[in-house]
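Visitor: Residues per chain are reported as follows:
2 protein chains.
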Amino acid sequence: MIFSNPKLKKLIEKYRQIKLLGETRAILGWDLNVNLPEKAAQERADQSAFLTDLMVDRWLDPEFKKLFETIVSKKENLTKEEKAMVRNLEQSAKFYFNIPKKIIVEFDETTSKAFMVWKKAKQENKFADFLPDLKKIIKLNQIIAAHLGFKTNPYDALLDLYEPELTSKKCVQIFDHLQPALTALLAKIQKSKDYRPESDLISGVLSYPKSDQRQLSLFVLKKMGYDFASGRLDVSPHPFTTELSRNDIRVTTWYHENDFRDSLTAAMHEGGHGLYEQGVDTIYNSTPLSGGVSLGIHESQSRFWENQIGRNPVFLKFLTPLLQAFYPEQLGQAGEETIIKLFNLVKPSLIRVEADEVTYNLHIALRFQLENDLINEKIKPKDLPSLWREKTKQFLGIEPKTDREGVLQDVHWSYGDFGYFPTYALGNLYAAQFTRAMEKDLDLKQLCAKGELGTILSWQREKIHRHGSLYWPDQLVKKVTGEELKADYFIEYLQKKYGEIYDL
Amino acid sequence: MIFSNPKLKKLIEKYRQIKLLGETRAILGWDLNVNLPEKAAQERADQSAFLTDLMVDRWLDPEFKKLFETIVSKKENLTKEEKAMVRNLEQSAKFYFNIPKKIIVEFDETTSKAFMVWKKAKQENKFADFLPDLKKIIKLNQIIAAHLGFKTNPYDALLDLYEPELTSKKCVQIFDHLQPALTALLAKIQKSKDYRPESDLISGVLSYPKSDQRQLSLFVLKKMGYDFASGRLDVSPHPFTTELSRNDIRVTTWYHENDFRDSLTAAMHEGGHGLYEQGVDTIYNSTPLSGGVSLGIHESQSRFWENQIGRNPVFLKFLTPLLQAFYPEQLGQAGEETIIKLFNLVKPSLIRVEADEVTYNLHIALRFQLENDLINEKIKPKDLPSLWREKTKQFLGIEPKTDREGVLQDVHWSYGDFGYFPTYALGNLYAAQFTRAMEKDLDLKQLCAKGELGTILSWQREKIHRHGSLYWPDQLVKKVTGEELKADYFIEYLQKKYGEIYDL
Chain A
1 MIFSNPKLKK
11 LIEKYRQIKL
21 LGETRAILGW
31 DLNVNLPEKA
41 AQERADQSAF
51 LTDLMVDRWL
61 DPEFKKLFET
71 IVSKKENLTK
81 EEKAMVRNLE
91 QSAKFYFNIP
101 KKIIVEFDET
111 TSKAFMVWKK
121 AKQENKFADF
131 LPDLKKIIKL
141 NQIIAAHLGF
151 KTNPYDALLD
161 LYEPELTSKK
171 CVQIFDHLQP
181 ALTALLAKIQ
191 KSKDYRPESD
201 LISGVLSYPK
211 SDQRQLSLFV
221 LKKMGYDFAS
231 GRLDVSPHPF
241 TTELSRNDIR
251 VTTWYHENDF
261 RDSLTAAMHE
271 GGHGLYEQGV
281 DTIYNSTPLS
291 GGVSLGIHES
301 QSRFWENQIG
311 RNPVFLKFLT
321 PLLQAFYPEQ
331 LGQAGEETII
341 KLFNLVKPSL
351 IRVEADEVTY
361 NLHIALRFQL
371 ENDLINEKIK
381 PKDLPSLWRE
391 KTKQFLGIEP
401 KTDREGVLQD
411 VHWSYGDFGY
421 FPTYALGNLY
431 AAQFTRAMEK
441 DLDLKQLCAK
451 GELGTILSWQ
461 REKIHRHGSL
471 YWPDQLVKKV
481 TGEELKADYF
491 IEYLQKKYGE
501 IYDL
Chain B
1 MIFSNPKLKK
11 LIEKYRQIKL
21 LGETRAILGW
31 DLNVNLPEKA
41 AQERADQSAF
51 LTDLMVDRWL
61 DPEFKKLFET
71 IVSKKENLTK
81 EEKAMVRNLE
91 QSAKFYFNIP
101 KKIIVEFDET
111 TSKAFMVWKK
121 AKQENKFADF
131 LPDLKKIIKL
141 NQIIAAHLGF
151 KTNPYDALLD
161 LYEPELTSKK
171 CVQIFDHLQP
181 ALTALLAKIQ
191 KSKDYRPESD
201 LISGVLSYPK
211 SDQRQLSLFV
221 LKKMGYDFAS
231 GRLDVSPHPF
241 TTELSRNDIR
251 VTTWYHENDF
261 RDSLTAAMHE
271 GGHGLYEQGV
281 DTIYNSTPLS
291 GGVSLGIHES
301 QSRFWENQIG
311 RNPVFLKFLT
321 PLLQAFYPEQ
331 LGQAGEETII
341 KLFNLVKPSL
351 IRVEADEVTY
361 NLHIALRFQL
371 ENDLINEKIK
381 PKDLPSLWRE
391 KTKQFLGIEP
401 KTDREGVLQD
411 VHWSYGDFGY
421 FPTYALGNLY
431 AAQFTRAMEK
441 DLDLKQLCAK
451 GELGTILSWQ
461 REKIHRHGSL
471 YWPDQLVKKV
481 TGEELKADYF
491 IEYLQKKYGE
501 IYDL
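Quick mapping for you: the protein sequence lines, in order, are chains A and B. Counted from 1, the first sequence has number 140 at position 140 by our numbering; the numbering is strictly sequential. Counted from 1, the second sequence has number 88 at position 88 by our numbering; the numbering is strictly sequential.
Some hints here could point you the wrong way.
Unchecked claim - Under 7 angstroms between C-beta atoms, here's a sample of chain A residues computed to sit facing chain B: (1) 39; (2) 187; (3) 247.
Said to hold, decoys possible - Straight line, CA to CA, 16 angstroms or less: simulated EDC-like cross-link-like pairs of lysine to aspartate or glutamate: (4) B:39 to A:227; (5) B:14 to A:227; (6) A:14 to B:53.
For the record, the hints were derived by calculation from the structure and aren't laboratory data. Every residue, glycine too, gets a C-beta built ideally from N, C-alpha and C.
Can you build the whole structure from these sequences, using the hints too?
Guide: So this is what it looks like as structure tokens:
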């Protein structure tokens with residue numbers, strides 16, 4: 001990249017070391033999730049904390065800080081790209097300049113170790129085993145929020161780390177708007193004559209070998225345009241995507257022996273994240289413009305591929321013969337309509353990542369309320385299992401029997417991520433609004449019918465991916481759709497789609 | 001660990017950072033071999049070189065160097081363990097204090113990238129594609145040797161990096177002693193009436209599914225006592241073992257569809273390395289005493305498990321029913337004697353790692369001569385394919401048809417390792433001498449017959465593993481066997497074993 005300002009050039013050169021340390025830490029994190037032997041948790045935590053230590057040193061390096069401040073004070077003369085770089089650096093610097101190094105390193109070490117504790121606690125369904133780590137993580141998040149500063153709610157400081165300028169007030173508005181619409185739609189679907197909440201195909205009687213599921217996931221990822229020469233598909237306790245370098249964007253999925261859908265939707269979801277990262281203009285490599293701009297926008301890409309494509313009735317028609325070829329005995333008799341309904345089975349359920357599109361955001365609303373209350377000390381960590389049960393009952397009308405399918409289900413808190421979940425809801429809204437814009441240019445139905453997903457990816461590449469972190473979420477949404485974010489597009493999308501499927 | 005000297009304590013604390021960076025670099029290296037997507041080679045090289053840069057900085061840190069020099073100058077007052085630490089630090093410091101940082105980082109970057117080039121060149125059988133990297137690696141090794149210093153032969157400086165005090169003169173002596181004995185034994189075996197150089201079981205007609213091979217490898221590794229809670233078994237283009245931390249010692253193997261032996265012997269070989277690392281006294285963690293003492297001793301542990309156990313006729317009798325259960329159609333009719341002969345099939349062959357015990361060291365002699373001549377510029381890198389063919393003919397009486405099974409077969413040169421191969425021959429000699437000592441305490445035959453490998457491991461733990469790098473190779477051999485290293489034990493071991501198998 002050519003810089004108009006030699007000081008900025010020098011700053012970005014120094015930033016490259018931060019980037020390299022970040023990548024190395026990402027490798028350690030990926031390996032922790034995918035490979036780490038049980039006894040090595042503490043050592044991995046030490047290694048990761050040490051890298052964090054080195055990274056913080058580079059942020060706090062007086063020469064770096066001085067360069068940074070000089071540039072921030074004179075940013076009006078910079079080009080558009082350069083201004084965006086400085087804005088992104090300022091956003092990251094909030095964290096490193098305001099939080100004492102000791103806390104940052106402790107946070108990294110704690111969460112690195114907590115992952116293995118959570119993993120085991122979930123396997124053994126023992127919330128009590130995870131509680132001490134969780135308490136520590138909440139405490140550290142409160143300390144971090146205090147150092148970052150906030151107007152009225154410490155949780156806002158955390159939200160802003162994942163989605164610039166997102167606030168708890170905005171979250172409340174969104175969920176207050178969504179909830180009645182979603183609940184009404186759910187009731188309508190459940191009352192329809194076509195509604196079947198169960199299916200023998202996934203009741204646990206039939207088995208879908210994991211190796212076949214892997215083949216299917218690989219096939220669909222290739223169709224989507226995911227580049228395996230700069231990525232991989234692996235297995236982890238919770239599916240995720242991570243950037244180990246610009247040409248090493250890895251996704252994971254999981255395989256459930258009795259439900260072939262989960263691996264496929266997870267692979268498409270993570271594949272969506274992967275495509276975004278793989279599509280950023282390489283001119284931005286090693287600069288603060290590389291990588292997706294925010295978690296909300298990232299989630300719009302993953303949810304788009306998972307839902308707007310993966311659960312699209314026309315795409316499922318395209319996929320049916322393939323599914324039947326992989327599982328002739330299990331699905332040989334299942335028609336397209338059965339497959340469509342199976343992937344769009346609307347039913348309040350316990351596991352967020354397996355939730356249908358209608359109820360999904362209710363899972364997020366639940367987590368948002370709990371996190372907000374935890375950070376504000378309105379509830380206690382030890383009461384989480386019962387609160388989780390209560391709220392699941394309240395939001396979804398059902399109750400988890402175990403903590404494994406309740407409070408222990410998600411990996412995020414073990415990662416230390418408080419304020420992350422609401423970006424999932426945002427992602428759904430962005431995705432619906434982007435899809436509306438896409439449909440002005442493309443005949444999505446026809447492309448799905450033919451499995452021509454490459455055309456869809458090209459549109460995303462051009463409109464969204466290549467920009468990396470050049471535009472902030474609000475700018476990007478306006479640039480792509482001509483409007484600000486509106487939750488109504490999402491509601492309309494659901495009403496139309498499920499209206500057709502269930503003949504409402 | 002409690003230190004008698006506070007300065008040494010401080011030095012070892014600082015050394016811990018070097019260790020952490022080394023572990024992190026090992027994670028990157030493991031991932032490079034096992035997982036790295038094709039396009040990410042340059043980026044991984046950058047990441048690894050950056051870590052090397054940070055590591056060299058710590059070696060060259062004036063405070064570290066000053067502490068180090070103070071301690072070296074007054075080491076007579078230290079305890080035995082502390083003296084050993086200082087000796088090991090001095091050995092490592094030779095490299096970091098004498099070679100310019102620029103060269104060390106360039107070496108790391110070059111070799112990180114070269115691995116992917118070699119991998120592809122081997123797959124495609126294109127030596128020319130690997131040649132530029134190989135030339136650069138040889139050049140860098142010559143530069144390194146010059147900086148390290150040597151009496152008469154620059155190759156000696158490199159040998160010493162892998163096995164303290166090993167020289168090309170000593171190598172020549174060993175190979176001159178071994179070669180006639182091995183050639184004579186080979187001729188005797190080939191003339192025996194029982195000699196069958198071929199077997200239908202591995203001629204390419206029968207297929208042994210990789211998943212079964214994996215199960216078998218896992219079974220044997222568990223029997224050996226390899227701890228999967230602090231390790232893993234994966235696949236890589238060339239089997240290897242690496243320490244990612246004290247509780248994360250990973251091994252790899254490979255699976256050849258038409259020969260079930262290769263994965264098993266490779267897994268046992270790497271498992272032997274793994275057991276050594278997993279058995280070091282934890283009191284030595286994060287000190288220069290952790291880890292195996294030298295490549296030669298390391299190789300004695302791997303070759304012991306591969307050969308003295310894995311190819312032991314009595315152990316193979318124990319294993320036969322299991323092999324038949326895994327491969328009922330392929331091996332159902334094969335008796336114990338067939339399996340024993342199959343694993344001990346003596347026959348000049350092209351691939352070193354698949355070579356029998358009798359011809360194995362001839363492969364090493366070949367590599368030793370080529371490396372010695374390359375470093376001394378008596379031959380040119382571009383002539384390696386033809387020289388390899390000539391020497392294979394000369395040493396083994398056969399000729400490789402492709403470079404894939406000739407000069408491109410081994411990963412080592414892509415790693416930058418010149419001077420490494422001779423330690424394999426040393427390992428064979430150490431292994432035979434250790435086995436002789438072991439047999440004074442244990443009834444090896446009976447233990448193998450019952451598959452009671454745990455008792456064998458306990459002996460190794462007590463006599464060898466727990467000491468880590470406390471004793472140098474010559475000290476350790478004397479301590480364990482009461483004698484200096486003698487090649488005759490190895491020759492006698494082969495003569496006895498193959499005398500029995502082939503009724504010579």
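Visitor: Now tell me if each hint is right for this structure.
Guide: Against the structure, the hints:
Taking 7 angstroms as the C-beta contact cut-off toward chain B, the hint placing residue 39 (chain A) at the interface holds, the least distance being around 4 angstroms. Proximity of residue 187 (chain A) to chain B is violated relative to the hint, the smallest CB-CB distance being about 47 angstroms (cut-off 7 angstroms). At its closest, the beta carbon of residue 247 (chain A) sits 4 angstroms from a beta carbon of chain B; the interface hint therefore holds under the 7 angstroms criterion. This hinted pair checks out: residue 39 (chain B) and residue 227 (chain A) have alpha carbons roughly 10 angstroms apart, not beyond 16 angstroms.
For the hint pairing residue 14 (chain B) with residue 227 (chain A), the CA-to-CA distance comes to about 42 angstroms; that exceeds 16 angstroms, so the pair is violated. The hinted pair formed by residue 14 (chain A) and residue 53 (chain B) meets the criterion: a straight-line CA distance of about 15 angstroms does not exceed 16 angstroms.
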